[in-house]
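There are 2 protein chains.
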Amino acid sequence: MGYSIGQVAKKTGLTAHTLRYYEKEGLLPFVKKSGSGLRVFSDSDLDWLVLIECLKGTGMSLKDIKQYIDWYMEGDSTLNQRLEMFKRQKLKLEEQMNQLQKHMEKINYKIAYYTEIIAHGSEGVFERNPELAAERKRVYGK
Amino acid sequence: MGYSIGQVAKKTGLTAHTLRYYEKEGLLPFVKKSGSGLRVFSDSDLDWLVLIECLKGTGMSLKDIKQYIDWYMEGDSTLNQRLEMFKRQKLKLEEQMNQLQKHMEKINYKIAYYTEIIAHGSEGVFERNPELAAERKRVYGK
DNA sequence: TCTTGACTTAGAGTTAACTCTAAAAATTAT
DNA sequence: ATAATTTTTAGAGTTAACTCTAAGTCAAGA
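Protein chains in written order, with the working numbering: chain A, 113 to 254; chain B, 113 to 254.
Just so you know, these hints were derived from the structure itself, not from any lab. Keep in mind that the hints are not guaranteed to be accurate.
One copy or two, it doesn't matter: identical chains are merged, so the pair holds either way.
Below, simulated DSSO-like cross-link-like pairs (lysine-lysine); rule was C-alpha separation at most 30 Å, straight line [what the hints assert, rightly or not]:
1) Lys168 with Lys145
2) Lys214 with Lys199
3) Lys204 with Lys249
4) Lys168 with Lys199
5) Lys202 with Lys214
6) Lys136 with Lys214
7) Lys204 with Lys144
8) Lys145 with Lys204
9) Lys249 with Lys178
10) Lys145 with Lys122
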């Protein structure tokens, strides 16, 4: 029913240090304390951590995550701000995924290139493998 | 034929400060200097910057990018290391794209959720929109 | 009860990647 | 020729996000 900071650290892969740091930064205003001052995490706190990891994983700063949490704490008057925030994050994420796709193409080109010259030497790579030359043009332009 | 640091800054979106910093860190060992000490960037230097941005964009540290550049400078004896490095980066990138896809699902869920309660209030969201409840289960588990 | 390991706090230290400053030299525009 | 802009260097400062330390408190097992 309640988890110690160490148990949560294990579950989430974050360190106890980091969890305390998040709390200090205002990212975990829900976590209760036991009579003697120990943190007691609930399942719902774990859900919050999942969301925090999600937003962090899409490049949101802890400061902006805190803004969202502050809005949440403020109640229904901030529903629109929260929705808009997720919409902005979705756009950012789409842009990010497109970027990663482009990066993937460059890396695939490099892998093909190195594989080819390791197998057959670097002289006349493109004559031997014209697809590689076409790929280069596509990936690096010009 | 040759570009000043300011011109390169404009082209790449990096600042001149950042470009000098990259050079200091050993990421641009190709950039020439004019007789009077000004940096002169070539088109091939711009290609290097494209690759650096690609690797940085997939989460590689400047230190690891430098390692790659050092291998490149060392010549053909490091072809395998370089290939393996790109293969590792590809795996990392695939993992990253999967993660982003999962994050996207969570964000889509939140957008659907907030859109729904902004439109119809928060009471009985899931009764009114059972697909949302199913989505929640799928996205957040349990 | 004793011991061992987990937890507490405040606060200091670390790391990566910039970001800026100042003073001088080079280049470009008028 | 003069003024304005750009670039140079070394080195200091900043920021985000941890990461660790110390000194003490709490909890569980033998």
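Each hint tested on the structure:
1. Taking the closest pair of Cα atoms, Lys168 and Lys145 come within 30 Å of each other only inside a single copy of the chain (25 Å); across copies the shortest separation is 41 Å, beyond that limit.
2. With identical chains, the CA atoms of Lys214 and Lys199 are at most 30 Å apart both within one copy (23 Å) and between copies (16 Å).
3. With identical chains, the CA atoms of Lys204 and Lys249 are at most 30 Å apart both within one copy (28 Å) and between copies (25 Å).
4. For a Cα distance limit of 30 Å, the shortest separation of Lys168 from Lys199 qualifies both inside one copy, at 15 Å, and across copies, at 26 Å.
5. Proximity of Lys202 to Lys214 under the C-alpha cut-off of 30 Å is found in both arrangements, the shortest distances being 19 Å within a copy and 12 Å between copies.
6. Proximity of Lys136 and Lys214 under a CA criterion of 30 Å is satisfied inter-copy only: 28 Å between copies versus 38 Å inside one chain copy.
7. For the homomeric pair Lys204 and Lys144, neither the shortest alpha-carbon distance inside one copy (34 Å) nor that between copies (37 Å) is at most 30 Å.
8. Within a single copy, Lys145 and Lys204 get their C-alpha atoms no closer than 36 Å, and across copies no closer than 38 Å, so neither meets the 30 Å cut-off.
9. Taking the shortest Cα distances, Lys249 and Lys178 sit within 30 Å of each other only across copies (25 Å), while inside one copy they are farther apart (44 Å).
10. In this assembly of identical chains, Lys145 and Lys122 lie within 30 Å of each other by CA distance solely inside one copy; the values are 19 Å within and 53 Å between copies.
Checked against the numbered hints above, the structure violates hints 7, 8; every other hint is satisfied.
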